[in-house]
Structure formats: structure tokens, C-alpha cells
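Novice: Chain by chain, the residues:
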Amino acid sequence: MSISNILPFVSTLVMLAFTVSVFRRWLARRKPHFLFWSIGLAMFGSASFAEAYFASLGWSPVIFFIWYLFGAALNAAWIGHGSLLLFVRKRWVHIVTALLIVGSLFAGYLMVSVMPRLDASAFNQALPISEQYRTIMPSVSGGASVRLSTPFFNIYGLITLVGMAIWSAWLFLRKQILPNRVLGNVLIAAGALSIGLASTLTRLGVGAYLYLGELVAALLMYAGFVMAGAPVPQPEPAGLTESAAAD
Amino acid sequence: MAEPETVDEDRPKQPGRSLLKPSGSRIQSDSMFYTRVLPVILGALAVLTVALIVVAAGVLIGVIPFR
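Keeping their order, the protein sequence lines are chains D and A. All residue numbers for the first sequence refer to this note's numbering, where the first residue is 4 and numbers rise by one. All residue numbers for the second sequence refer to this note's numbering, where the first residue is 181 and numbers rise by one.
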């Protein structure tokens, strides 16, 4: 097994710990952004697990379903929506929440509809799935409409997750307070961008860096979450506390 | 509600709030890392974000071939 095939195993373990950590935070505080982050991170971890599965056990249509729907399409949007819920307390956010859920279900339906058209004979266990999924899946004109949905979800996820982490870091930096949250949000933004960059390269036909990008993203975002959520030694301004992209 | 502050002459004087305040909650204004390096990093991250959004939008409108 090549080094690139070992990376998803490590990413899966990191994401598992990360997801459990955020989910426990939701259980303790019941704030919706923790729930959306948990779901998005679980999707990310599921995709990493799918890659590890392909590398070790071979082809499975169910695992491909999980990998594409949760990994390629949905996870960034769900994590990013958690950041939106934290940052914006307006009624229209609920409409966006409904759109995200309906859009995700529709993407799931499109994914189900393309499953019979997958070409499993094109699968090569020695190659990362990111380098060969285009030959397994039909093109958009061949019936894989779900592929059209991924840019929408990923643009939304990029804007909300990275944009709000950068904005939050900038707010704290400008006010010269809470350096742990500044650094934490920078790490979250950098981690999200690393997977965004690797995913973009994959879309452009260079899938070799996806697994590395995922591992870097998992490590940086987890480190950022821990750093930003570290106990603050004294009370801080309430507005900023609630507007941090990593509470 | 905070209780009114009383002064006890027998007790040694406590350090002021600013002395008790842990340095970890504020950014040092003379820190090169926070005043120079981090803003540049944040700017670079923002530029990269915009670039990725432009690429994704290019894929959506068909300027960049969808593979």
C-alpha cells in the first residue's frame, strides 16, 4: 500500500476525534452551530473512511455513494452553515438552513439515480479514488447530474466556513484581544482552504493531492478548533465571544 | 449584582485588575507576529479563497471544463 493510501486512515482517526469533540460540545450546550459542524465533520470523516476502505478492501457501490455525496458534495456546506449559524442570528438563516437540507436531500436523490450507471470495472484498487472517479461515474451529460451540484455546495461552504473564520480572526486581531481565537480561526481557515485547494485540483483532473489535503485540513481545523475553544482566562466581550467562527 | 467594594486596612493591598489580568487574553501591541505577519497571512488566505471561488464559479458557468 502506498503512502497516499495510508493518509485516509490517519484522516479518519483525526476526524473521528474531531467530530466526537464537537458533538460532545453540542450535547453540553445544545447550540445549533455545533450540531451542523458535527454533521459536516462526520461527513468529512465518512469520506476519509471511504477512501481508506477503497485502499484496503476494494470496490463497494455503497462506499462510493458515501464518498461522493458526503465527501465531494456536502460536507463543506454543512460545516460552513454551522459557521453561518454562529455568526448570523437572523430569520433568513432558517430559510438557508431549509434550502441546505432540501438541497442535500435532492443531491442524495441525484446520487441514488446515478448509482446504476457506475462502471465498477473501471475501479483500480492501487489508485486513489480521487484519481479515477471520473472514469467510474458517467459525465453530466451521461446522467450524473449530481456532479453539477458540487460547485454550489462547495462555493457556499467555502464562503461561509473560510470567510467567517477569516472575518472572525480579523475582528479579534483588530481589537487586539484573544490571540488564541485569532490563531484558531487562522488555522481553521487554512485547513479549510487546503481541502478546498485539493478538491479544486481534483476537479481539474489532478487528484493526487486530495488525500494529503484532507489530512492537512483535518489536522489544522482540529487544532484551530481546540485553540479557539480553549478556556479564556477572564470574561471577554459578549458580542465577540458569540461571533467567533470557532466557539 | 456586584457587591460594593469595601476597604480593609488590615489586609495587604491586592494588585490592581490590570496586574491580575492574564496576558493571554490580549494581543501585545508591539508583537511583530500579530501586527505584521498575521494580517499578511489573513490577506493571503482571503485572496486564495476568492481565487477558489472564481475557479468554482468558472466551472459552474462553463468557462473551465468540468471533469
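Hints may contain errors.
Unchecked claim - Label pairs and their calculated CB-CB ranges:
1. D:Phe109 to A:Ser205: 37 to 47 Å
2. D:Val105 to A:Val220: 34 to 44 Å
3. D:Gly146 to A:Pro219: 42 to 52 Å
4. D:Ser142 to A:Ser209: 32 to 42 Å
5. D:Ile104 to A:Gln208: 43 to 53 Å
6. D:Ser142 to A:Ile221: 35 to 45 Å
7. A:Gly238 to D:Asn127: 23 to 33 Å
Claimed, not checked - To spell it out: a stretch of chain D is covered by chain A in this simulated footprint if at least three of its residues, at any positions, have a beta carbon under 8 Å from a beta carbon of chain A; those stretches are:
8. 74 to 83
9. 156 to 169
10. 217 to 228
Keep in mind that the hints were calculated from the coordinates and are not lab data. Think of the CB as a built atom: it goes at the ideal place given N, C-alpha and C, for glycine as much as any other residue.
Novice: Checking against the hints above, which ones are violated?
Specialist: 4, 8, 10
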